[in-house]
Amino acid sequence: MSDTPARFPLRLARAPRKPLLFAAMAALIGLVGIGQSWSLALTIMNLCLISAIMTLGVNIQWGYAGLFNAGVMGFAALGGLAGVLVSMPPVGAAWRAGGAGVVLALAMGLVTIAAAMLVYRRLRRPASRKLAVALVVAAGYFAARALFEPAVRAIEGVDPSRTGYLGGFGLPVVLSWFAGGALAAGAAWAAGKISLGLRADYLAIATLGISEIIVAFLKYEEWLARGVKNVTGLPRPVPYEVDLQAAARFREWAESLGASPVELSSIVVKLCYAGLFALVLLVLMWLSEAALRSPWGRMMRAIRDNETAAEAMGKDVTARHLQVFVLGSAVVGIAGAMLATLDGQFTPTTYHPLRFTFLIWVMVIVGGSGNNWGAVLGGFMVWYAWVEAEPLGLWLMDLLTFPLGADHPLRVHLMDSAAHMRLVVMGVVLLLVLRFAPQGLIPEERR
Amino acid sequence: MSFLTGADLVGGYGGPDILRGCAIAAERGEITVVVGPNGAGKSTAMRALFGMLTLRSGSVRLGGEDITALAPQARARKGMGFVPQTDNVFRSMTVQENLEMGAFVRDDDISGTLDEVYGLFPALKDKRRQPAGELSGGQRQQVAIGRALMNRPRVLMLDEPSAGVSPIVTRELFERILDIAQSGVAVLIVEQNARQALELADKGYVLVQGRNRFTGTGEMLLANPEVRQSFLGG
Amino acid sequence: MEDIVNAVVLLTNFLVVPATAYGCQLALGALGVTLVYGVLRFSNFAHGETMAFGAMVTILFTWLLQYQGVTLGPLPTALLALPAGMAVTAGLCLLTDRWVFRFYRRSRAQPVMLLVVSVGVMFVLNGIIRFVIGPADRVFTDGARFLFTVRDFKAWTGLSEGLAIKTTQTLSVVVAIILVAALFWFLEKTRTGKSMRAFSDNEDLALLSGINPERVVAVTWLIVGCLAAVAGTLYGLDKSFKPFTFLSLLLPIFAAAIVGGLGNPLGAIVGGFVVAFSEVLLTYPYRKFLAYLGPEGWRPDGLVQFLSTDYKFAVSFFILVVVLLVKPTGIFSGRSS
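Chains as they are written, first to last, in this note's numbering: chain A, 1 to 447; chain B, 1001 to 1234; chain C, 2001 to 2337.
Source of the hints: derived by calculation from the structure; they are not laboratory data.
Any given hint might turn out to be false.
[Stated by the list, open to error] With a cut-off of at most 30 Å between alpha-carbon atoms, the simulated DSS-like pairs for lysine-lysine come out as follows:
#1 C/Lys2189 - A/Lys229
#2 C/Lys2154 - C/Lys2239
#3 A/Lys130 - C/Lys2189
#4 A/Lys229 - A/Lys219
#5 B/Lys1127 - C/Lys2189
#6 B/Lys1125 - C/Lys2189
#7 A/Lys219 - A/Lys130
#8 C/Lys2189 - B/Lys1078
#9 C/Lys2166 - A/Lys229
#10 B/Lys1127 - C/Lys2327
#11 A/Lys193 - C/Lys2327
#12 C/Lys2312 - A/Lys315
#13 A/Lys193 - A/Lys18
#14 C/Lys2189 - C/Lys2166
#15 C/Lys2327 - C/Lys2154
#16 A/Lys193 - C/Lys2312
#17 A/Lys219 - A/Lys193
#18 A/Lys219 - C/Lys2154
#19 C/Lys2239 - C/Lys2166
#20 C/Lys2189 - C/Lys2239
#21 A/Lys229 - C/Lys2154
#22 C/Lys2166 - C/Lys2154
#23 C/Lys2242 - A/Lys130
#24 A/Lys229 - C/Lys2327
#25 C/Lys2166 - C/Lys2327
#26 C/Lys2166 - A/Lys315
#27 C/Lys2189 - A/Lys219
#28 C/Lys2327 - C/Lys2288
[Stated by the list, open to error] Residues from chain C that face chain A, not an exhaustive set, calculated with beta carbons under 10 Å:
#29 Pro2135
#30 Val2139
#31 Gly2143
#32 Ser2240
#33 Phe2244
[What the hints assert, rightly or not] Derived contacts from chain C toward chain B, CB cut-off under 10 Å, selection only:
#34 Arg2105
#35 Ser2107
#36 Glu2188
#37 Arg2191
#38 Arg2197
#39 Leu2205
#40 Gly2210
Please read all numbers here as calculations on a predicted model, not as lab measurements.
Yeah, the Cβ is synthetic: ideal placement off N, Cα and C, and Gly gets one too.
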């Protein structure tokens, strides 16, 4: 009883925490709009929205089930690939040159797998079985490659400076968001099958490996999505600025607002993206919250909190983990496809683990693992900090080294390196949150 | 005042108290056995004596000195040896290395003690280059006891030494434990296998729900009809 | 007959020699990961950056020595700077333990929590490295480039195929052998080394035996720091120092440690060579080799390469997958739980 007065203000302070933090976030973005430009503020916000979705995906894995996915980058990149495969027009000449060969090679691969399984079932003696399977796989591999390589050469030879790949299906780009989710889910299923049910660390290392391979594959398989030559000009789900500027009604509208048509068109386009992304975020958020509240979500948390007990109660922990791992990766894949849509291009070389895997982890931890709202807020805040840390760091460094004089070598070096300080800042923030506020900004609700 | 005494022990592992005021004492050169039903707090009491859980109240004294606040490592240095029930050897290390680790806190020459332990358990001498994880259950138990003896303890505490070992090997093991006690060590044993242990005991405690229920010589407890009825299966 | 000798020389030059040097570097890296895992029980994602940090410090000291006109003759000056790099990196490891890891160890946090924490350390180290030395490529080897060159070899043997061994490759092997021998002597023969093994084997029993955990942990970090600095420097000398490559080295290093059995030092070394040789064996084009062995004037079409070099990281991954599927505890049975 005696501690009631002390507790009361604390509870009061805790109640409006969520809206307060989101309001602060909105204010921060507004600050960029006022201080720098509204176009930049919207750019940041769009990437914040995508980051929030990725964070939501990782939070499903970490917050609901305690799985460490170190391959976020790979699943996001698969989403980007989906953007190309769905939206770009098919390259007819490339299909005629090598499409059949590639399809045959893939079929050959499937035949090999089927043959290997058949041999495995038929033979009984372990030694001869292993040898036979190895031989079948090796033979199949070389046969498939013999079909594959000339086809790839033919495809990559078709107008290499502009195409040199098979192209996509020429469908609306928004469909790629679903396809991205599906591609990432497939890869996650394979990764999870191998490494779930073993130590937690193994999943981390296996996913790290898978993501490296996915990105390597996307970089070097030019027949698929042009590799390091990049695919640019992905069709948009929203109007183009030039079309807006050309429309008479738009120009009139701009005039009535007293804004330049160029600037207004850019803002309108970004707002359209923001609307689409916010819609996706809301839907995913609603689904995640519903899942968390459902008996399924309760079971997941029970498993996370005490795996042994859950197993003793007859829960198939590995199967549940696989489920949640696939779901979370699918969400990351969706975000990856959205990112490619926003960029309007697919550039495999930009996928770097620090930016696409570990930064997302900072978002999850800072926001509050296990709480979807926290994950979204973490996505917003950390992305904002990541972007704004650069000008801020530069300005700070400029101020600090000013007394050294303009061309002092130390000043030049420090000014050049200031941008790298944001890595240090992110690391320190992660460590401080883990240590002093392991629940994150918005802690998990105990239901 | 006994050599090792734990008085009014109250505590547990953070949850509800497992020990509710029990008292245990062991004398040098004697074997003291603690028995009781499952969940009575036997092993917990032993862990409390060794400082492996935080007591809410009560005290532990060794040779008249209050050691309640000491960490397990410090108690090891004071001459207390503990043989856990499971995972009580370094599996990947050889028998000899296991014994050397038992003498880790000693700075003097350990070859004499090593010979004594090999004298007590001759089978170990032949296997001294073999990893302890490859030994049979009984021999592993010997390594575990040998490891604790290497520190020349004044108190040796054994948590269910007969667990997972065949009755014949248990008998053999108990005989060695008798030898150890006769050399002047205070031996404290927690046992599920109550009858066999009490036959050996100079003093016995029956714990129930974290409290002392019966105390007496081993013979007395074995003769007590109530103890026989409730704890020795008739 | 001469064709066969030529074929063997060819393979030695392009396959055995580089794979051996690479294997030594990976083995040293994997040893660090496996020691941390054995004693502190978590997978240290910051290990790649620790290696990079060690290499960076060595480079800075090398520059300082070169600036003062100190060189080692035919050997790279970096060798002189290496002890300083090892000392600073060991200090860094002790500091991170003190400031970061110790808290979680004492509160007995889940291993996966420590893994997330190590990601934070990775970020900080990565930032510091880029801040201090920049993200660019640094070549810091000097002295004689080769132990002997292709031309020397051809002159001695009269063969048409040449064999060259780089100073840095020799150095990788020699330094790795010395370091590994010293490490094993320490672990097998000294009291502190044995107490480390005991702690890694059974923490509770080690505590009961009076082994001081803080001391074991400190010694472990000291060794890990030294190993990481050497591994990073040797890799940097042999290839070149590029900060971001060390993050991608994590995969082969972890693969090596897991293949050998996490927590098992001998396994880490074997694992390092398994990974290095598989990587090179599978990405080496055998065209010329087969041409020597086949009939006169015949050449295979294509490169006869199992996998494009672009996918060399896939090799470590496939080895990892096979091990996880067949024997998750690794060849030498490390811990699996």
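Hints, verified against the model:
For the hint pairing lysine 2189 of chain C with lysine 229 of chain A, the CA-to-CA distance comes to about 57 Å; that exceeds 30 Å, so the pair is violated. Distance hint between lysine 2154 of chain C and lysine 2239 of chain C is fulfilled; the C-alpha atoms sit about 25 Å from each other, no more than 30 Å. Straight-line distance between C-alpha atoms of lysine 130 of chain A and lysine 2189 of chain C comes to about 42 Å, which puts the hinted pair past the 30 Å bound. The suggested pairing of lysine 229 of chain A with lysine 219 of chain A holds, with an alpha-carbon distance near 8 Å, which does not exceed 30 Å.
The suggested pairing of lysine 1127 of chain B with lysine 2189 of chain C holds, with an alpha-carbon distance near 19 Å, which does not exceed 30 Å. Of the supplied pair hints, the one linking lysine 1125 of chain B and lysine 2189 of chain C holds, its CA atoms being roughly 19 Å apart against a limit of 30 Å. The straight-line distance between the Cα atoms of lysine 219 of chain A and lysine 130 of chain A is roughly 34 Å, outside the 30 Å bound, and the hint therefore fails. About 27 Å separates the Cα atoms of lysine 2189 of chain C and lysine 1078 of chain B, which keeps this hinted pair within 30 Å; it holds.
Proposed proximity of lysine 2166 of chain C and lysine 229 of chain A is contradicted: the alpha carbons are some 35 Å apart, above 30 Å. Pair hint lysine 1127 of chain B plus lysine 2327 of chain C holds up; C-alpha atoms about 29 Å apart against a cutoff of 30 Å. Note on lysine 193 of chain A and lysine 2327 of chain C: the hinted pairing holds, with a Cα-Cα distance of about 15 Å set against a maximum of 30 Å. This hinted pair does not check out: lysine 2312 of chain C and lysine 315 of chain A have alpha carbons roughly 39 Å apart, beyond 30 Å.
Distance check on the hinted pair: lysine 193 of chain A and lysine 18 of chain A sit about 37 Å apart at the alpha-carbon level, beyond 30 Å; violated. Between the alpha carbons of lysine 2189 of chain C and lysine 2166 of chain C the distance comes to roughly 34 Å, so the proposed pair goes past 30 Å and is violated. For the hint pairing lysine 2327 of chain C with lysine 2154 of chain C, the CA-to-CA distance comes to about 45 Å; that exceeds 30 Å, so the pair is violated. Distance restraint check for lysine 193 of chain A and lysine 2312 of chain C: the Cα-Cα separation of roughly 23 Å lies within the 30 Å cut-off, and the hinted pair is therefore satisfied.
About 25 Å separates the Cα atoms of lysine 219 of chain A and lysine 193 of chain A, which keeps this hinted pair within 30 Å; it holds. The hinted pair formed by lysine 219 of chain A and lysine 2154 of chain C fails the criterion: a straight-line CA distance of about 39 Å is larger than 30 Å. Under the criterion of a C-alpha separation no larger than 30 Å, the hint pairing lysine 2239 of chain C with lysine 2166 of chain C is consistent with the structure, at around 11 Å. Of the pairs offered as hints, the one joining lysine 2189 of chain C and lysine 2239 of chain C is violated, with about 35 Å between alpha carbons and a cut-off of 30 Å exceeded.
Using a Cα cut-off of 30 Å, the hinted pair lysine 229 of chain A and lysine 2154 of chain C is violated, with the two alpha carbons roughly 42 Å apart. Among the hinted pairs, lysine 2166 of chain C with lysine 2154 of chain C is consistent with the structure: their alpha-carbon atoms are about 16 Å apart, no more than 30 Å. Between the alpha carbons of lysine 2242 of chain C and lysine 130 of chain A the distance comes to roughly 42 Å, so the proposed pair goes past 30 Å and is violated. Straight-line distance between C-alpha atoms of lysine 229 of chain A and lysine 2327 of chain C comes to about 40 Å, which puts the hinted pair past the 30 Å bound.
For the hint pairing lysine 2166 of chain C with lysine 2327 of chain C, the CA-to-CA distance comes to about 37 Å; that exceeds 30 Å, so the pair is violated. The hinted pair formed by lysine 2166 of chain C and lysine 315 of chain A fails the criterion: a straight-line CA distance of about 57 Å is larger than 30 Å. Taken as a hint, the lysine 2189 of chain C and lysine 219 of chain A pair is broken in the structure, with Cα atoms around 49 Å apart against an allowance of 30 Å. A C-alpha spacing of about 36 Å is found between lysine 2327 of chain C and lysine 2288 of chain C, which places the hinted pair above 30 Å, so the restraint is violated.
Residue-level restraint check for proline 2135 of chain C holds (minimum Cβ-Cβ distance to chain A is 7 Å; threshold 10 Å). The restraint placing valine 2139 of chain C at the interface with chain A is violated, with a minimum CB-CB distance near 19 Å, outside the 10 Å limit. Of the supplied interface hints, the one on glycine 2143 of chain C is violated, with its beta-carbon coming no nearer than about 28 Å to a beta-carbon of chain A, more than 10 Å. The restraint placing serine 2240 of chain C at the interface with chain A is violated, with a minimum CB-CB distance near 19 Å, outside the 10 Å limit.
Interface restraint check for phenylalanine 2244 of chain C: the shortest CB-CB distance to chain A comes to about 8 Å, inside 10 Å, so the restraint holds. Because the beta carbon of arginine 2105 of chain C sits about 16 Å from the nearest beta carbon in chain B, more than 10 Å, this interface hint is broken. Because the closest C-beta pair between serine 2107 of chain C and chain B is about 13 Å apart, greater than 10 Å, the hint is violated. The restraint placing glutamate 2188 of chain C at the interface with chain B holds, with a minimum CB-CB distance near 9 Å, inside the 10 Å limit.
At its closest, the beta carbon of arginine 2191 of chain C sits 7 Å from a beta carbon of chain B; the interface hint therefore holds under the 10 Å criterion. Here the hint on arginine 2197 of chain C is kept, as its CB sits about 6 Å from the closest CB of chain B, short of 10 Å. For leucine 2205 of chain C, the interface hint holds, the least distance from its beta-carbon to any beta-carbon of chain B being 6 Å, beneath 10 Å. For glycine 2210 of chain C, the interface hint holds, since its Cβ comes within 10 Å of a Cβ in chain B; the closest pair sits about 4 Å apart.
Hints 1, 3, 7, 9, 12, 13, 14, 15, 18, 20, 21, 23, 24, 25, 26, 27, 28, 30, 31, 32, 34, 35 from the list above are not met by this structure, while the remaining hints are.
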